[in-house]
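*Asks:* Protein sequence lines correspond, in order, to chains B and V. Quick note on numbering: the first sequence equals residues 1 to 294 in my numbering. Quick note on numbering: the second sequence equals residues 1 to 364 in my numbering.
Think of the hints as simulated: they come from the structure by calculation, not from any bench.
Here are the computed lysine to aspartate or glutamate pairs in the EDC-like style, where the Cα-Cα straight-line distance is at most 20 Å: (1) V:Lys168 <-> V:Asp194; (2) B:Lys106 <-> V:Asp13; (3) V:Lys218 <-> V:Glu237; (4) B:Lys203 <-> B:Glu192; (5) B:Lys214 <-> V:Glu95; (6) V:Lys275 <-> V:Glu256; (7) B:Lys203 <-> V:Asp107; (8) V:Lys130 <-> V:Glu116; (9) V:Lys22 <-> V:Asp69; (10) B:Lys101 <-> B:Glu192; (11) B:Lys203 <-> V:Glu102; (12) V:Lys75 <-> B:Glu192; (13) V:Lys130 <-> V:Glu102; (14) V:Lys130 <-> V:Glu95; (15) B:Lys203 <-> V:Glu95; (16) V:Lys75 <-> V:Glu152; (17) V:Lys120 <-> V:Glu176; (18) V:Lys22 <-> V:Asp67.
Stretches of chain V that chain B covers, calculated by requiring three or more beta carbons in the stretch to come under 8 Å of a beta carbon on chain B: (19) 70 to 78; (20) 92 to 103.
All of these numbers come straight from a predicted model, not from anything done at the bench. All C-beta atoms in this analysis are idealised placements derived from N, C-alpha and C, irrespective of residue type, glycine included.
Now for the letters of each chain:
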Amino acid sequence: MKELLRRYGLTLTISFIVIVAFWLLVLVILPYIYLFEASFRLYLPIDQVNGPNDVYTLSNYSTFFVTPIHRWVFLLTIVYSSAVAAISFVVAYPLAYYLSKVATNKIVPTLFLIIMIPLWVSEILRSFAWFIILSLKGPLNFALVGLGIIEEPIRWISGFQSVIIGLVYTYVLFMLFPLYNAIQSLDTNQIEAAGDLGAPWWKIHWRVILPHAKPGIASGSVMVFMLSAGSILVPSLLGSTNSRWFTEIIQQWMFESQDWNTGSAYAFLLLLLCTGFVSLVMRLFRVSLSDIAR
Amino acid sequence: MSATVELDRVSADFGSFRAVDKVSVTIGAGEFFSFLGPSGCGKTTILRMVSGFIAPSEGHIRIGGEDMDGIRPNKRPTVLIFQNLALFPLMPVWENVSFSLEMRGVDKAARRARAEELLKIVDLPGAGNKMISQLSGGQKQRVAIARALAVEPKVMLLDEPLSALDLKLRQHMRAELRAIQKRTNVTFIYITHDQGEALAMSDRVAVMSQGRLQQVAKPEDIYNNPSNGFVASFVGENNVFDGRIIASQTTTARFETDLGVFEAAFNTPPSSDQKLRLYVRPEYARLVSTAPEASNAIAVTISDISFEGNFINIHATTDQGRVLTVETRNDGSSDIPETGSRRYFTFDAQRARILADETQAAHS
Numbered sequence: 001m002k003e004l005l006r007r008y009g010l011t012l013t014i015s016f017i018v019i020v021a022f023w024l025l026v027l028v029i030l031p032y033i034y035l036f037e038a039s040f041r042l043y044l045p046i047d048q049v050n051g052p053n054d055v056y057t058l059s060n061y062s063t064f065f066v067t068p069i070h071r072w073v074f075l076l077t078i079v080y081s082s083a084v085a086a087i088s089f090v091v092a093y094p095l096a097y098y099l100s101k102v103a104t105n106k107i108v109p110t111l112f113l114i115i116m117i118p119l120w121v122s123e124i125l126r127s128f129a130w131f132i133i134l135s136l137k138g139p140l141n142f143a144l145v146g147l148g149i150i151e152e153p154i155r156w157i158s159g160f161q162s163v164i165i166g167l168v169y170t171y172v173l174f175m176l177f178p179l180y181n182a183i184q185s186l187d188t189n190q191i192e193a194a195g196d197l198g199a200p201w202w203k204i205h206w207r208v209i210l211p212h213a214k215p216g217i218a219s220g221s222v223m224v225f226m227l228s229a230g231s232i233l234v235p236s237l238l239g240s241t242n243s244r245w246f247t248e249i250i251q252q253w254m255f256e257s258q259d260w261n262t263g264s265a266y267a268f269l270l271l272l273l274c275t276g277f278v279s280l281v282m283r284l285f286r287v288s289l290s291d292i293a294r
Numbered sequence: 001m002s003a004t005v006e007l008d009r010v011s012a013d014f015g016s017f018r019a020v021d022k023v024s025v026t027i028g029a030g031e032f033f034s035f036l037g038p039s040g041c042g043k044t045t046i047l048r049m050v051s052g053f054i055a056p057s058e059g060h061i062r063i064g065g066e067d068m069d070g071i072r073p074n075k076r077p078t079v080l081i082f083q084n085l086a087l088f089p090l091m092p093v094w095e096n097v098s099f100s101l102e103m104r105g106v107d108k109a110a111r112r113a114r115a116e117e118l119l120k121i122v123d124l125p126g127a128g129n130k131m132i133s134q135l136s137g138g139q140k141q142r143v144a145i146a147r148a149l150a151v152e153p154k155v156m157l158l159d160e161p162l163s164a165l166d167l168k169l170r171q172h173m174r175a176e177l178r179a180i181q182k183r184t185n186v187t188f189i190y191i192t193h194d195q196g197e198a199l200a201m202s203d204r205v206a207v208m209s210q211g212r213l214q215q216v217a218k219p220e221d222i223y224n225n226p227s228n229g230f231v232a233s234f235v236g237e238n239n240v241f242d243g244r245i246i247a248s249q250t251t252t253a254r255f256e257t258d259l260g261v262f263e264a265a266f267n268t269p270p271s272s273d274q275k276l277r278l279y280v281r282p283e284y285a286r287l288v289s290t291a292p293e294a295s296n297a298i299a300v301t302i303s304d305i306s307f308e309g310n311f312i313n314i315h316a317t318t319d320q321g322r323v324l325t326v327e328t329r330n331d332g333s334s335d336i337p338e339t340g341s342r343r344y345f346t347f348d349a350q351r352a353r354i355l356a357d358e359t360q361a362a363h364s
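Please work from the sequences and hints to get the whole structure.
*Replies:* Dropping the structure here:
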């Protein structure tokens, strides 16, 4: 604080604090409080708001538990979000290992640049790009048929597969960076020592690198999982007629039924249940929050 | 079990930089052999080539007569103890020790038993269930040795493993390492920049500079008969005098310096245009009150006396302002002059050496 004052003077310091406080309070905290409060109230006709029927109730929350289709969609969302996290790990781990232990210092910045460039394009545009790539007469099918790998074009946008592809593509970097950091911090001598003691490459990964990278795997998985489960853009753009994401139900409540109360309740349920699921999985793999923060 | 290690004109290039230049040496089976040199002299590169982490740019490495070209570290009969030990912090001690057995598919009970045996050898019985972070520096050292012994290597490679320990422990571990080596009869190749370690433990020492071997000899020969100026000044202290030879016999020469003409041992053939210097070790020099009859004497004033415990360093300044050092044992028998008194700095011709700077030509 003193340092801030010394550097920027009184006026600038106060403006910084006011701007940050405004952002935090008005744009983050207040909307949450508003939604949280709304989630415990009934969706009533406008003339009954603040009337005798406007009481606090848990009925918005219980709607979820008594609607089987919503429970089912939630379960699918969790299962497929876990799949997205798992696939992201499989994709990101070899790359993270290569970047942190194999690639020379000269080439790493270039590789990171190549990895980052797609992030400069907005998520909507990238999802639309995938929509085109995956479409029945799109470039992917064209290439696969042209190369003779498949006979007939595949209907990629069906079921959850296009959503999973889109989510992996969108969030894989959130797996890559924690993994890269974790593997980077491993002493290369340990990898060499394991090899010197007779370990084949896959056992070096299994016994030395993966255990060391566990906190990175955990924080990457949590991030990819939470972002995927909370994503609305990718599931609605790349979803097919038979894929339903939980966020789409929240959106329906809010924008199609105009029922912000139940919508808020569902949003908080998503947060709560996902947090519960994540803590459960973390306990299962014996990772603690402090490991992740390491 | 042990094996010879033969380096046959081995070189290592990193880009345009030659880290190791045509090094040839044969290390005997069961020998404790040290590579001694300043950092960046190429000694670690040699070790990494023997263990298989780096392939030589030129030349061959043979272990037990077998060419190691193209054989990966995990298939060589060597094991490397890293400078930072590289123990696995997420495994308990016993899993660290028996890691190589686990890789060979030995079952858990047998691994446990063998780990306990090895921990006894390194004097750490019962430590198997501890985690690495619970051990002291010296204990970690022992675990690293036990882990290496589990491989039953023919050649053990050690990369300055004692450098992180404090002085007392380091001296203790020197004796310990030497004892383990004698007991197991494994060929030890030891890398260090610490002359004390190299001289105290080794059967033979190779002194290196700038990727080249300067001298390979027994510790006492390295110290007493250094082959060149680099070896003389890297191993031990010296009073060094620039000058030139004015007359030479078979084993001695007369050497003219700006402090006078001295007689000293000389057996390097006068090679090309190399600079020659006269080296006198402080413990071979004496301070006397009357000028000796032999020629080797310089009039000096005692300028400083520094008490080092078991010995005393006396600094004496010549009339020209050069500071010379004489080392005297603190055994009560030597006469310690007072600061400011006049003396003569003198030494035996046989104990002083005229040496060229460095072995420039590569061994081939």
